Each structure stands twice: as structure tokens, then as C-alpha cells.
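*Asks:* In case you want the letters, here they are:
Number of protein chains: 2
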Amino acid sequence: MQEEFSQLFDTVSEEETRSRIKAFRERMYQRSIDYALVQVNVNLFYFTGTLQRGILLIPLRGEPGLLIQKAVERAELESPFPVRELKSMKQLPDHIRDMGLAAASRVGLELQEVPAALFEKLRTLLGAGECVNISEDLLRVRSRKSPYEMEQIKRSAALTEKVFSAVPDCLREGMKEIELAAALQAEGRIAGHQEIMRMRGFNQELTNPHVLAGTSAAAPSFADVPLAGYGTTAAVAQGASHRRIARKEPVIVDYGGGYNGYMTDETRSFALGGLESELVRAHTAAMEVAEYVERNSGPGVSCRELYWEAVGIAEREGLGEHFMGYGRHRVRFVGHGIGLYINEYPLIGDVEDTLEEGMVFAVEPKFVFPDKGAVGVEIDLRVTENGAQRLTGTPLDVVYC
Amino acid sequence: MQEEFSQLFDTVSEEETRSRIKAFRERMYQRSIDYALVQVNVNLFYFTGTLQRGILLIPLRGEPGLLIQKAVERAELESPFPVRELKSMKQLPDHIRDMGLAAASRVGLELQEVPAALFEKLRTLLGAGECVNISEDLLRVRSRKSPYEMEQIKRSAALTEKVFSAVPDCLREGMKEIELAAALQAEGRIAGHQEIMRMRGFNQELTNPHVLAGTSAAAPSFADVPLAGYGTTAAVAQGASHRRIARKEPVIVDYGGGYNGYMTDETRSFALGGLESELVRAHTAAMEVAEYVERNSGPGVSCRELYWEAVGIAEREGLGEHFMGYGRHRVRFVGHGIGLYINEYPLIGDVEDTLEEGMVFAVEPKFVFPDKGAVGVEIDLRVTENGAQRLTGTPLDVVYC
Chain A
15 MQEEFSQLFD TVSEEETRSR IKAFRERMYQ RSIDYALVQV NVNLFYFTGT LQRGILLIPL
75 RGEPGLLIQK AVERAELESP FPVRELKSMK QLPDHIRDMG LAAASRVGLE LQEVPAALFE
135 KLRTLLGAGE CVNISEDLLR VRSRKSPYEM EQIKRSAALT EKVFSAVPDC LREGMKEIEL
195 AAALQAEGRI AGHQEIMRMR GFNQELTNPH VLAGTSAAAP SFADVPLAGY GTTAAVAQGA
255 SHRRIARKEP VIVDYGGGYN GYMTDETRSF ALGGLESELV RAHTAAMEVA EYVERNSGPG
315 VSCRELYWEA VGIAEREGLG EHFMGYGRHR VRFVGHGIGL YINEYPLIGD VEDTLEEGMV
375 FAVEPKFVFP DKGAVGVEID LRVTENGAQR LTGTPLDVVY C
Chain B
15 MQEEFSQLFD TVSEEETRSR IKAFRERMYQ RSIDYALVQV NVNLFYFTGT LQRGILLIPL
75 RGEPGLLIQK AVERAELESP FPVRELKSMK QLPDHIRDMG LAAASRVGLE LQEVPAALFE
135 KLRTLLGAGE CVNISEDLLR VRSRKSPYEM EQIKRSAALT EKVFSAVPDC LREGMKEIEL
195 AAALQAEGRI AGHQEIMRMR GFNQELTNPH VLAGTSAAAP SFADVPLAGY GTTAAVAQGA
255 SHRRIARKEP VIVDYGGGYN GYMTDETRSF ALGGLESELV RAHTAAMEVA EYVERNSGPG
315 VSCRELYWEA VGIAEREGLG EHFMGYGRHR VRFVGHGIGL YINEYPLIGD VEDTLEEGMV
375 FAVEPKFVFP DKGAVGVEID LRVTENGAQR LTGTPLDVVY C
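As they're listed, the protein sequences go chains A and B. For the first sequence, my numbering assigns the number 15 to the initial residue and increments by one for each residue that follows. For the second sequence, my numbering assigns the number 15 to the initial residue and increments by one for each residue that follows.
Bound conformation, chain A alone:
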């Protein structure tokens, strides 16, 4: 397995994982957390390079302990950390004691994600003095990407470019949304897309790509997104549907790249044989918003100000009611961080948040017309000391096929 594994996989360096743990420990120190118990798959992966089933114990000081229940041999290949076997959860207190940690400590857990029943079990097992929620701290640490992470994100963005460039060859009048979605999904998968998309939040899931033609793009949704589509069933309630694509209607393609854990998220608009002028005008406004955010992003910039400027552009064009959804279905943001989840920090919305160097986010100005569908773009931006850098070279204009 070892030889085959090393041919197929790229693994993270020990230095990289240690610097991530260091950044998290600064937050532990500020919150007087004695040790943290990391279990959510993406967080485990972030700190150790593996998401085999287990727990990472991070004491405020001293060596972290990677305890794996299943599969130990694989975790050893994937992670630079020494792996200890956790034969059963009952052994956990012994490991904690072996690491010199006191029972009645202040313990950090991912309470936003860990199920209530599991948490109860752990609390009893640990006999912890106090349990505090570290979910937000982890998101904050993860929001600034390292150069290594940027490499992965660029590979994910390259998948996105590839998929968008395939649309004109695949799009045909009368085909179903799901047919175009299937063709584009296959393009990405063959190029190495990881298939799994991860969205933060209880009950959140993601189909990929979203191919929404005409009025499909106006279907309201449970998700906090400007457009979601019908999907093929109420049991999924998002994404491409059986609806057939007609001429002269907008076809929105929202594609999430996924490479080595990292997601990117871009959208382009397509149409067969032209679009009516109101939609063309709205698309131009969307490009204007995206370019405004690109030009004005940089370390220290207020997310709230960016958001209200974006709303301002939409309103000046008389399109406020259509911006980021229609009417009461509008969402109150124009962008969101991307990374191991497709929805990370920062939120470019009406919130107190500030751009920092190393952050990566998608800005997605979209306009929804209930009887016509949606137009708009979504581009991914990296915050550097000199401003924002776009991650793909795919043009923003409507592509007429």
C-alpha cells in the first residue's frame, strides 16, 4: 500500500501542520483553554493531513496527540504526526492522562458540529471542568491561507477554468439542466476533482455544478444562497433539474472546484442566441460589482463597506430588488470565504469583519428576475498585501453559444 499510496497522493509537511497548530494555540491561550479535542473531519485534516476516524488532542503546551480509531495504517501514511491507536473511546481518558493533562480542565470542543449525543458521552468520559466551543476559533485560524494552501486552491481554480471552457461545447438547445450538469461534472472529475463538496452548517449539502436555466434560477431555497434551483427532487431541493434549456434565456453555471480538500466557487452566465436587454444590463452591473470588489479589496478593508458599496451599485442601476435573490428571498451578503468548506470566513455582508492578507473569498453579484431567471458572475479573490488577486482567467462576460 505504501508505495502505491506515495505515487497517488500528495501529503502535507510537518512544518505546515505545526504552524497551523501554533496559530490555533494563540487563540487557545487567549481563551484560557487547557486542551482542545478536534474531531470534525476537515479540522482533523487541517491540523494533521489525515481525516481517518479519530481525535486530535491539542494541549496548550507540549506535543499534540493524534489518536486514531480507524484506519491507523492509513493515517500513518497520510499524516506527518506520530499516530497512536485509540482502541475505543473508553481509552480516551488514559491518553489524556498520559499526555499530562488534568481531568478538570477547560476543554475546547467543536460544539457547532459535534452531535449532542456524542458531546454528552465525551463530557461524561472526560469529566471535564468546563467545555467551550472552539468552532469559531478554528474557522478564524483557517481563514488565512498559507502558501501551501494557496497552491491547492490554485489547482482547484484550474479545474474551474477547465469546466467553464467546456460549456460552449456541451450546451445545446433542448437539453436538460441535469444533462449539462452531468457533462461538466465529468469534465471536472476526470481532471482530478475530489467529488465531495463541503458546506458548513447543520443540514447543509451541495450539489455541483448548479446549472440553472431561465426561471429555475428563481426557485427559492432553504440554503443561504442567492440562487439554488429546483434539483430533481424535493429530497434534495437544489441544483440542476429536468427542466429543458431554451434559446434566449440565461443559463447560470455555478461550479465548485475541489482539490486536495480545498474548494473554489465561481459562476458564469451563458445563453443560446442572445439575451434581452434588461438581463444584459443586469449582467453588466454584476461585472461592475465584481470588479469594484476586486479593485477595492486588501488587508484592513471592511467587509461591511464592501457589501454596502455593492448594494449601492445595484441600486444605482435600479436593480436593488433583484440583487442577490428577488424580493424577500434576497440574501444579505455578496461574498464568502472559501477553503475546506465552500462557506468560510470572511463574509462579505452586513457584518463586522475585515479582510486580512491570506484570506480567499468568492464575490458573487447575481441578479434574479422571477419570470426570466438570473444573470451574474462569481469570482474568487485572494487577499495579498497589494490588494486582491483573481484566481482564474475565465472572462466575466456572458458567453453566447
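Careful, some of the hints might be misleading.
Note that identical chains are pooled: a pair holds if it fits in a single copy or bridges any two copies.
Unchecked claim - 30 Å max Cα-Cα, derived DSSO-like pairs, lysine-lysine: (1) K84 with K190; (2) K104 with K135; (3) K190 with K176; (4) K176 with K36; (5) K36 with K84; (6) K135 with K176; (7) K101 with K135; (8) K36 with K190.
Honestly, the hints are just simulated from the structure, not real lab data. Computed from a prediction, not measured in an experiment: that's the story for all the values here.
Since chain A is already given, all that's left is putting chain B on it; use the hints.
*Replies:* Here is chain B on its own, set in the frame of chain A:
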């Protein structure tokens, strides 16, 4: 939206949802639960036909209340239930009072799935006397499928048949596992697969299909499955990989159908140009196990006995060490229920469980050889009063391409 929606979607009948709620209430009564709060997307869908964001309140007696936060209009189209708007979670106690429910009640919640932080918030909000876990009750109720559910499951099984029949046309020497996976995924999606696969359990995810050639099938995994594969990254750690498919090695295709919420789960073995005799012999033993379980399943049959008989067949063939994984990586089951999750009740394993009429399960005898890969089959069976009924007509033999 309404017209388009009704053309695109099939919705569940009120009668169907009411009979499901009735079955659940019998369990509430046995456990003295005053009211239940259902929030997990598949459970919401099961009882109401919609999984728009919200809560279903089920009192032991009287009308259930479907409270929707987002999107109300869509939930109204999807569900036969009257929808009440839940403007914010803070309104929840008012709705509970309006339904005539006492504050200090015994309340059922899905504690196996609801995150700890959300549970804390709800507990405070409700001022509930006692909170009990209803996750297992819901799984038990869901384990017996209605005729309507069987129709959906059959549509899902039909997707599976279609995908397996496409393998010989797609499989070529030297192609990557992900290339075959992409082609098969597209086949299913075009035929109406819902794309989203759901696996029960914290951190559980599912790529689909699993295309595992040769030694890929022997890679150990965090998941409770006999085979999982490498995947394309440690951040996913399952499924098809960049490994190229060679002649004379087994190619396992494990495909999950997905139609209107319902998953099916079947596996077939393929090979280019033949297989060595040990693998052929193992595959024959796998067919024998599957056919044994098929012949001997029916209401009242012990799952534990079925499991040990399956192990017995493997051991008589001298293949015990290779059955359902290799060595210490073997899993201790040979089948599992399917439905809104791919892993439901019953478990055909070393557990106390009994087959009931209306249950649907997959039986998946597989043999893993660390240096050669895996062979085996997986078939879906429906338990009827007269025994088990197979859901697809796809033959079980190795397909030589």
C-alpha cells in the same frame, strides 16, 4: 413557480405522511414523549415531503405543526402539510404554546444528529423538562418501507441497472479509476439520479460510484465498509483514484442509486481479459453468500444467524480471512438497510435484529486480497411476506470485458 414545480416534481400524499407520523407516535407513546422536534433534513422530508429549513413539531396527540424558516413558499409546494412561518428560533416557544403543549414536557430530539451548540440553544429556549433522544426511534420507523417508498426505491434500483449495463462500453485498459467513475456518474445523473448521497453518522460522506481496480480495493478506510479505495486525496480518502486500470485485475464498481430521496446500493465485479482462479473462486463464494441470504430472508429471520451463515460459507471455502475486508480491517456485517440513508436498519451483522416485512437491505459479500484487490457482489433485497425479492435484474457473475 407553481406550474413549473408541478411539472418537475412528484410530491408525497397527505395520507402517506400521516401514516408515517402515526407509526412514530406509537413509539412516542411507549417512551412517554409529550412532543418531538424533528429537524434533520431526511426526517423532515420523511414526515412532510419537504426539507426546507425548519422544524416539525409532533405532539403525542393533535395536529403536527410544520414551522418553516426558509423557504416558506417552496415548502408549501412540496408538502401536503399547512406551513407556518417561523420568523426566528425565538418564536419557537410561542408556536409550542399555541399548539397547547406544556413547557415542562418530555421532549424528543434527534440527539444523534443535532449539533451540541444547537441543542443547548433549543433546550434553553424550550425550557423543556427532559430531553430524550429519538434518533433510533426514527430509524426504526423508517426501516419498514411503504408501497409508495418501494416505488421510489425501484426507480433508484433502475438507475443502478442502467449504470452497470454501461460499464462494458466505458471500461478500457489504462484508463484511470476516476475516468470510469466520471462516465458512470454521468450515466446515472442524466437518467435522473439526485446526485446527493447520504450516509448516517458523524463525519460520514460518500463518493459515488466507487470504482476500485486491483489493490485500490484493499486500501483501509475510516468508514465502516469492507472496501473504500484511495480516492484522489487524503481530504476525502475514499472512492476512485488516479490509479490506472490494468488487464487481469478485478474492477469493483459499487454504485449507489438515488431517486426522490431513496438510495439503493449494488456492486458488481468486472475484469479486462480474465481473472486468476483464486479470485474467480472467491467471487463464486460471494455469489453463493448473496444467494443464500436471498433464499433465507423473510419476516422473523434473525440477522445474526444470516450473518454467521454467511461467515460460515466464506470459512468453508477457506476464505474467512478475506471476507468483508482483510485481516484486522474486516467489518463485522454482511449487509445493511437502505433508504433515505445508505446505511439504515437492519444491520445484517453480529447484532440482535430481526427482518420484518417491508424492510429493504443490501447484502454485500466481498472478498479482499491485499496484493490482488477485491471481488464480490452487492444486491438489494426487499423483505416480503413470502421471502426476499431482488430489486434489480443485473446478473451477479463477473463481467469480462
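*Asks:* Decide, hint by hint, whether the structure agrees.
*Replies:* Hint by hint, here is what the structure shows:
1. Within a single copy, K84 and K190 get their C-alpha atoms only as close as 42 Å, which misses the 30 Å cut-off; across copies the closest is 27 Å, which meets it.
2. With identical chains, the CA atoms of K104 and K135 are at most 30 Å apart both within one copy (10 Å) and between copies (28 Å).
3. Proximity of K190 to K176 under the C-alpha cut-off of 30 Å is found in both arrangements, the shortest distances being 21 Å within a copy and 19 Å between copies.
4. For the identical chains of this complex, K176 and K36 are neighbours neither inside a copy (36 Å) nor across copies (51 Å), given an alpha-carbon limit of 30 Å.
5. Proximity of K36 and K84 under a CA criterion of 30 Å is satisfied intra-copy only: 26 Å inside one chain copy versus 39 Å between copies.
6. In this homomeric assembly, K135 and K176 never come within 30 Å of each other (Cα to Cα): the closest approach is 46 Å inside a single copy and 44 Å across copies.
7. Taking identical chains as interchangeable, the C-alpha atoms of K101 and K135 lie at most 30 Å apart only when both belong to the same chain, with a minimum of 16 Å there against 33 Å between chains.
8. For a Cα distance limit of 30 Å, the shortest separation of K36 from K190 qualifies neither inside one copy, at 49 Å, nor across copies, at 39 Å.
Against the hints set out earlier in the document, violations occur for numbers 4, 6 and 8.
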